[in-house]
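Okay, here's what each chain looks like letter by letter:
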Amino acid sequence: MLHGYNGKVLHLDLTNKQVSVEEPGEAFYRKYMGGSAMAMHYILNGMPANADPLGPENVLVFALSVLTGNPISGQSRMTAAAKSPLTGAIGDSQGGGYFPAELKFAGFDAIVIKGRAAKPVYLWINDGSYELRDAEHLWGKITGEVEASIKKELGDNKVEVLQIGPAGEKEVRFAGIFSMSNRANGRTGMGAVMGSKNLKAIVVRGKKRPSVADKGRLNQLAKWGAENLDESGIAGLAKYGTAETTGANQTIGTLPTYNYNSGVFENWEAIDGTTMYDTILRGAAEGKQDRLGRDTCYACTVRCKRVVEITEGKYKVDPHYGGPEYETTSTFGNYCAIDDLAAVSKANELCNQYGMDTISCGATISWAFEAFNEGKLTLEDTDGLDLSWGNADSMVKLVEKIAHREGFGDVLAEGSERAAKQIGRGTEAYLITFKGQEAPAHMPRVKRSLAVIYAVNPFGADHQSSEHDPAIEDDFEGYVDRMAVLGFTEGVETYSLNAEKIRFALTSQYMYSTMDSLNLCQFVFGPAWQLYGPADMVELVRAVTGWEDVSFEELQTVGERRLNLMRTFNAREGIDRKQDVVPQKLFKPLKGGPSDGFALNKDEFTAALDEYYRQAGWTAEGIPTAETLTKLDLEWATDHLPKR
Amino acid sequence: MKSKIKITLQLYSILREKLPPDAKGQAVLHLNAGTSLQDLLEELEIYRKVVISVNDDHESDLSRRLNDGDRIKIFSSIGGG
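Those protein sequences? They're chains A and B, same order as listed. Residue numbering for the first sequence follows numbering that gives the first Met the number 0, beginning at 0 and increasing consecutively. Residue numbering for the second sequence follows numbering that gives the first Met the number 0, beginning at 0 and increasing consecutively.
Simulated from the structure, these hints should not be mistaken for laboratory data. Because the structure is a prediction, the values reported are computed rather than measured. A couple of the hints might just be wrong.
Okay, the calculated bits of chain A under chain B, using three or more residues with CB under 8 Å as the criterion [to be verified]:
| # | region |
| --- | --- |
| 1 | 268-276 |
| 2 | 473-483 |
Think about it this way: if two alpha-carbon atoms lie no more than 27 Å apart in a straight line, the pair counts; the simulated DSS-like pairs of lysine-lysine are [said to hold, decoys possible]:
| # | chain 1 | residue 1 | chain 2 | residue 2 |
| --- | --- | --- | --- | --- |
| 3 | B | 3 | A | 287 |
| 4 | B | 23 | A | 287 |
| 5 | B | 17 | A | 222 |
| 6 | A | 315 | B | 23 |
| 7 | A | 118 | A | 150 |
| 8 | A | 157 | A | 313 |
| 9 | A | 157 | A | 206 |
| 10 | B | 48 | A | 222 |
| 11 | A | 396 | A | 140 |
Ideal Cβ placement from N, Cα and C applies to all residues, glycine included.
Model the full assembly from the supplied sequences, consistent with the hints where possible.
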């Protein structure tokens with residue numbers, strides 16, 4: 000009997016409106032577990048080499064795992080993956096909310112989409128049945144309007160709507176895919192891919208709860224999490240949101256400011272999570288923000304999501320569109336030296352309405368700010384907008400212009416790397432992109448393993464693809480038991496980038512890769528400070544699926560499979576070591592605060608890259624070997640390796 | 000009688016709950032001279048991983064003894080986000 004999953008994958012060809020259902024079998028689920036690893040199977044096999052990411056040949060996969068939809072915190076997440084129009088490499092993005100669980104209840108574990116519809120459509124999946132419906136009347140509308148319109152049209156307020164906004168329709172290269180109008184599969188431009196297919200939304204409703212092998216053990220694990228949340232490492236994040244980390248980053252000099260030229264922001268407290276909690280969370284004025292200003296994902300007791308409401312002043316914010324995460328307060332805040340939390344929240348609202356990734360959007364704007372402040376962009380280039388550091392009004396206006404691809408916004412809608420190529424004038428020096436994707440708000444000049452991970456990560460810079468350095472450095476003593484499961488019994492010298500640090504980066508990358516295949520939230524599960532540790536992750540898989548012989552090592556192999564399939568995909572596209580580079584800016588010293596003078600060293604970085612490839616079992620060019628793929632039981636993928 | 004020092008304390012995020020709600024994490028404390036950061040954490044019953052600044056400079060040495068007039072900020076710390 001199947002436990003945890005439906006055993007059904009929906010295949011949709013939008014060009015000829017053909018739909019079919021595949022039943023892959025238990026061995027397939029055991030091998031990939033779901034999510035991102037499963038998506039790679041369909042993408043590598045279903046997409047020809049060198050496909051246009053915005054063409055009908057691109058394969059867009061939404062995938063859940065064997066754990067999604069079960070009653071425990073941190074499981075209602077979903078992968079969106081396809082070839083990225085931002086990077087030209089594999090694209091991959093994880094998102095939460097209620098849609099992932101609802102898709103599971105509706106009877107499917109994944110949706111594999113190719114082709115292009117002649118006219119805008121949406122896919123309606125209702126308890127195992129499915130149909131394509133006209134979406135022309137929804138085209139051009141913002142997320143909240145579309146959500147309301149579809150609920151009315153279907154006569155059901157409980158449907159979950161996954162959609163693109165107008166930015167996805169206009170193929171903004173960092174457009175995301177949204178549910179609840181505020182939960183994003185944000186990164187790598189998956190919304191532009193969906194828009195290129197004329198697919199406006201996927202709507203789901205279902206009543207079928209997944210079978211669980213051992214409900215008692217699952218309940219015990221869920222109960223332990225709820226009881227231990229307040230004493231756990233994520234207690235602050237739960238109540239004060241991810242932006243609670245702003246002050247700590249400021250203090251150690253890892254708060255990227257002035258477009259990554261400094262690690263400290265003088266006015267950080269204005270945009271900090273504690274300030275957000277006290278001032279703009281819904282209900283804050285009456286002291287009711289714990290009840291009214293926090294939201295969650297299906298069955299999650301953590302409730303870390305922010306609900307911001309601003310009813311007065313220049314920037315009013317509708318709580319329907321949630322509130323900013325740390326990444327968002329950073330890219331629209333400290334990256335641009337903006338200390339106006341209302342403006343930052345407005346930018347977040349606009350991104351959620353129009354459907355854009357807040358990281359790439361904010362970081363692309365901060366690139367423009369630096370170019371302007373260095374005299375490389377003029378008012379003539381920016382449609383008259385003054386992009387002086389800290390100019391909140393101009394930042395908000397740029398977000399709107401990008402969403403509409405209007406004027407200078409059309410240049411920025413291509414992402415900062417393409418914008419720099421178009422503008423020229425030496426503005427490439429201000430880029431903070433990896434494979435064309437803008438860097439998130441964690442500082443590789445200080446957390447040095449992140450420099451390697453950002454560079455080698457198949458879909459560009461990502462802060463949620465490995466554990467950060469402190470867990471093996473200054474904080475190691477606090478996580479001894481959990482880190483031992485990963486094979487680490489001693490810490491590593493702070494700021495080092497030696498072979499042991501690389502082993503830590505790679506091993507934790509495998510675990511994060513596994514979590515993106517099990518579709519687990521990386522605040523709730525993880526190798527160190529998270530609520531649940533690696534042993535709990537194994538117990539969860541066993542309790543849900545009944546695969547009692549699953550080990551941590553087997554799960555690590557799932558993560559390793561995902562990474563190797565992604566790198567194989569990239570190699571097929573001609574992307575290898577040549578693209579595993581860091582922006583030149585990171586070799587220049589940071590200015591001010593405790594990280595003053597910190598910079599990457601080119602020789603040290605090159606040696607670390609060599610060491611990473613060696614440990615990963617790849618060639619010196621960063622390509623998986625046939626031997627490595629075969630060892631991972633991925634012999635089929637060797638056909639996709641470039642011919643020598 | 001031991002001499003006393005006066006410090007100002009600001010706690011952030013979940014740590015604020017170590018003080019009464021109206022304090023919003025702020026307090027002026029009169030401590031015995033020679034009190035260390037570790038002593039202060041124990042006094043506040045803070046046992047989770049934290050990041051501390053003294054007079055706006057990062058301080059990771061918990062044996063550091065506090066001086067009269069010091070401004071202490073304490074943050075809860077997570078690795079990612």
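Okay, the hints, checked on the actual structure:
1. A stretch counts as covered by a chain when three or more of its residues have a beta carbon under 8 Å from one of that chain; for the region 268-276 of chain A and chain B the count is 3, and the coverage holds.
2. Counting residues of the region 473-483 of chain A whose CB falls under 8 Å from any CB of chain B gives 3; the rule of at least 3 is met.
3. About 39 Å separates the Cα atoms of residue 3/B and residue 287/A, which puts this hinted pair outside 27 Å; it is violated.
4. Under the criterion of a C-alpha separation no larger than 27 Å, the hint pairing residue 23/B with residue 287/A is consistent with the structure, at around 15 Å.
5. In summary, the hint linking residue 17/B to residue 222/A is supported, as the alpha carbons are separated by about 25 Å, within the 27 Å threshold.
6. For the hint pairing residue 315/A with residue 23/B, the CA-to-CA distance comes to about 26 Å; that is within 27 Å, so the pair holds.
7. For the hint linking residue 118/A to residue 150/A, the alpha-carbon distance of about 21 Å falls within 27 Å, and the restraint holds.
8. At roughly 34 Å between alpha-carbon atoms, residue 157/A and residue 313/A are farther apart than 27 Å, so this suggested pair is violated.
9. Restraint check for residue 157/A and residue 206/A: the C-alpha separation of about 11 Å stays at or below 27 Å, so the hint holds.
10. This hinted pair checks out: residue 48/B and residue 222/A have alpha carbons roughly 24 Å apart, not beyond 27 Å.
11. For the hint pairing residue 396/A with residue 140/A, the CA-to-CA distance comes to about 19 Å; that is within 27 Å, so the pair holds.
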